[in-house]
Amino acid sequence: MSFWPFNNSSSSNNTLLKFLDSIHDLSSVSVDDIVKDQTLVQELLNELHTVKGNINKGGNFLFAQSNPDSTHALSDSASLNSQNNDNNNSGSNKESKGIKLIELLIQPHILSGLIEILENSVDFFYQQGLKEEENIKKALAEHTPATDLEEVDEIKEAKGEDKDEVFRRSVQATADILSFDISIISSRIIETPNLINKLWSILKLEHLEENYPSVSYLVHILDQLLEFNSIELLNFIRRQDDLVDTFLAKIEVPAIMDYFFRIIQTDKPDSPTGILDTIAQQDVILKLVDILKPQPVQFDNTPYIPDHQLYFRQSSATDFLKALITISSNAALAVVMETNIGPNQLTRQLVSPEVVNIIVHEIMLQKVQGKSGKTQTNKHGINNCVSIVIELIRKNNSDYDLNCGSYSSLLQNGDGGPGEINSYVMFQWLKDFEQNPPGPRDPIYLGDMLEIFSVNLHRFEELLETEPIPPNGVTSDILGFTRFKISELIAELLHCSNMTLLNSKKIRKIISIRDHIRLQQSKRLKKALDEKIAFVESPNIQDVTSGLDDVSLDDVQFADEDKHDYSNLIKNIESIEDSEDEEPSISPENPFVCEERNKAIRSDPCVGDLFKIKLIDSKVLLSIVSKFTKYEWNNFFHNVVFDLVQQIFNGKLNSYNSFLIVELFKKDQCDLTDLIVRSYENEVEPRPGYMGHLILIGEEIVKFTSLYKPDLISHTIVEAISSEKWNWFVNDILTKTREVYNVVLGADEGDTFDNTDDYVDPDEPKKIILGDTSNHEEFVHDGENEDEDEDMDGPKVADVEVGKMTPSGDITQHAVDEDEELGDPLENNDVDHLSGSSSDEDEEDDGNVLRRVPNHNE
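Residue numbers (UniProt numbering): 1 to 858.
Hints listed in this document are in silico derivations from the structure and should not be mistaken for laboratory results.
Don't take every hint at face value.
Claimed, not checked - Each computed BS3-like pair below joins lysine-lysine, with the alpha-carbon atoms no more than 30 Å apart:
id, residue 1, residue 2
1, Lys36, Lys131
2, Lys527, Lys505
3, Lys630, Lys599
4, Lys725, Lys666
5, Lys431, Lys367
6, Lys100, Lys137
7, Lys287, Lys268
8, Lys198, Lys36
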């Protein structure tokens with residue numbers, strides 16, 4: 001016999017044993033008999049811990065089959081049998097006590113009573129909250145506290161003695177029992193329609209609000225149901241016609257929305273549950289976006305938030321959409337792979353023309369004329385929508401999606417490592433319907449979204465030129481929140497416009513075909529769901545989702561102009577020329593940026609080039625750059641401008657991006673070189689806050705003009721970097737700045753160091769610094785065709801990968817024709833790059849053309 005009381009249930013469960021022994025008719029026991037005695041509740045929970053192992057394993061305990069239809073009224077009784085014990089046991093056996101306890105707890109009237117207590121707790125805690133708030137206001141009004149600590153004491157005293165402590169304890173006991181991790185209780189609740197309906201209806205109660213205990217109790221119970229009986233619960237959830245409305249009504253309650261989120265995460269590509277289709281049919285995306293629409297009260301120019309609940313609701317909808325985007329990313333961009341559900345119909349709808357037009361026209365561009373005559377913009381709506389669009393772009397960047405089936409081998413670098421996506425491989429993968437059939441989990445195409453923003457850029461430029469209403473007491477000019485967020489949006493859209501998927505007209509056509517097929521699949525899925533739900537029994541997930549991958553091209557109804565067979569349709573698409581298929585002849589006398597090429601690209605641009613065209617035409621680029629020095633202490637804005645400029649210099653050259661580059665150098669426009677020189681000529685104290693960013697921009701200019709021949713792009717660039725003032729900046733200011741940046745921290749002048757990896761011998765030549773034109777040959781051609789033992793004392797090369805210095809960063813070794821002579825590795829770079837640099841004086845004439853990737857199918 002053990003003397004340790006916790007090992008002997010009979011010694012620690014005296015109250016429970018007496019209670020169970022006193023029961024002769026289970027139907028005579030009420031819920032109050034259980035939950036109002038705290039000693040009984042604690043011993044009951046201890047006993048459940050003892051027996052849950054056998055029950056959860058399905059070992060000795062079985063439901064009695066006296067009433068197989070568990071969907072009858074709540075008056076039906078429920079019982080358990082033990083396979084190892086006679087049902088007529090006298091009750092002294094410990095195991096039979098556990099059986100009797102479980103048998104009691106799964107009685108429909110007991111479970112119903114427990115759920116009813118939880119239901120009543122919602123209004124109880126709400127009313128308690130109102131009373132406490134009223135008492136606190138009264139106490140603080142009667143005596144104003146002098147310190148924070150005194151105020152805390154006043155609040156505690158105002159809450160007073162809790163006269164309803166008995167009910168509070170009953171609610172806690174109810175929650176502990178219903179949320180106990182024992183499968184038999186969860187099963188009983190889900191398998192009894194009256195019980196699960198009653199529990200689920202608590203979610204719809206008006207006063208189920210944040211900070212009240214009922215929320216955490218309910219979510220904990222529902223979590224247990226999802227864990228132990230996920231299939232049955234999800235079947236129940238899918239049958240709720242108001243599923244989306246139920247949760248969006250509680251969008252301000254984080255715990256409830258987190259639970260909704262966990263339900264959505266059950267629907268994965270390899271194990272679908274049908275939840276995504278259900279909430280898509282209930283228009284969850286449109287309803288979330290509708291919450292973001294501004295209300296008239298949001299345009300009131302007041303020093304306080306006029307309706308904080310509206311703002312909080314909109315912020316909550318934004319956070320939910322961003323979280324949905326995050327878990328719906330491509331595998332390569334997944335934050336946590338285990339919780340990622342991949343691209344789906346919800347995020348696809350979010351970037352559809354219907355939804356993007358709502359975001360642009362009904363939210364972001366909304367503004368009113370205030371009484372003062374100044375324009376009031378929808379700052380909160382702009383902030384929300386910009387954060388959503390940025391998340392969409394970052395989590396759906398197709399350039400990182402290297403899952404191209406058997407075509408992935410074409411993406412490898414010469415060393416066998418992973419390469420980068422190119423339009424040829426992407427097109428082959430998308431048109432291969434056998435290996436890559438269209439489906440709801442296809443990668444998200446952002447072209448429609450980018451096009452809508454492109455055609456509306458002139459209206460965003462109006463917002464950039466709209467003077468903000470300064471806060472009270474502020475007299476100086478301010479950039480304003482709207483102009484900052486619009487600038488941030490433009491920089492991210494430029495990222496988007498550089499994606500391979502958006503720079504190919506072929507790919508856009510093949511995606512439209514896949515959209516047609518996907519539409520047929522959606523119709524078939526809707527029909528299957530409708531047919532299954534028509535039955536009394538819950539639809540089986542496998543039955544619903546099976547047979548949806550056999551949509552053939554015969555099912556697809558193409559537009560009138562595309563009514564020909566599939567092979568001809570693909571041939572017509574393959575005949576379309578993309579910029580990578582072109583090999584323009586250029587020279588210093590005939591540079592890439594010219595009026596003829598300007599007209600050619602503008603006549604039929606891909607969506608990536610369309611955005612860049614509108615960026616110039618709308619003067620958005622000029623508007624953003626011209627504000628760089630005006631707001632000299634707004635470092636967040638300076639960083640956005642630098643990001644924009646850096647992207648342009650690192651963008652694809654065989655595209656309209658080259659025109660953007662020239663725009664940065666044009667006199668009386670952006671004129672970056674003059675902007676930098678003037679800023680450093682004007683010696684003022686204190687130095688403006690943007691000087692550090694100007695150094696970074698200057699380095700980008702030097703780096704670009706070192707790696708590529710400016711005269712092959714435009715003479716405008718040559719003229720800008722050939723000026724005497726620019727040479728002064730590079731040779732004096734930039735050089736001195738580099739020297740300061742390269743000083744060993746903590747070293748005094750004249751100090752020497754051991755020749756280790758951590759220190760540099762002052763007698764050795766300095767390492768080449770990025771952007772130093774005088775060292776360009778050593779930087780690019782380091783170690784080429786040289787014996788390793790020769791010239792060991794020559795110039796040292798910075799430890800930087802050349803691939804990271806090129807505009808696209810792509811130095812993939814492409815396949816070449818057998819008869820083609822292999823030349824310099826830099827010259828064999830892909831079509832994105834202009835060859836050579838400004839320092840290559842002796843380059844042969846064949847360096848004056850854009851190198852073209854050999855046809856992959858030859």
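Consistency of the hints with the structure:
no.	hint	in the structure
1	Lys36 <-> Lys131	24 Å, holds
2	Lys527 <-> Lys505	34 Å, violated
3	Lys630 <-> Lys599	34 Å, violated
4	Lys725 <-> Lys666	16 Å, holds
5	Lys431 <-> Lys367	44 Å, violated
6	Lys100 <-> Lys137	51 Å, violated
7	Lys287 <-> Lys268	23 Å, holds
8	Lys198 <-> Lys36	22 Å, holds
Of the hints listed earlier, those the structure fails to meet are numbers 2, 3, 5, 6, in rising order.
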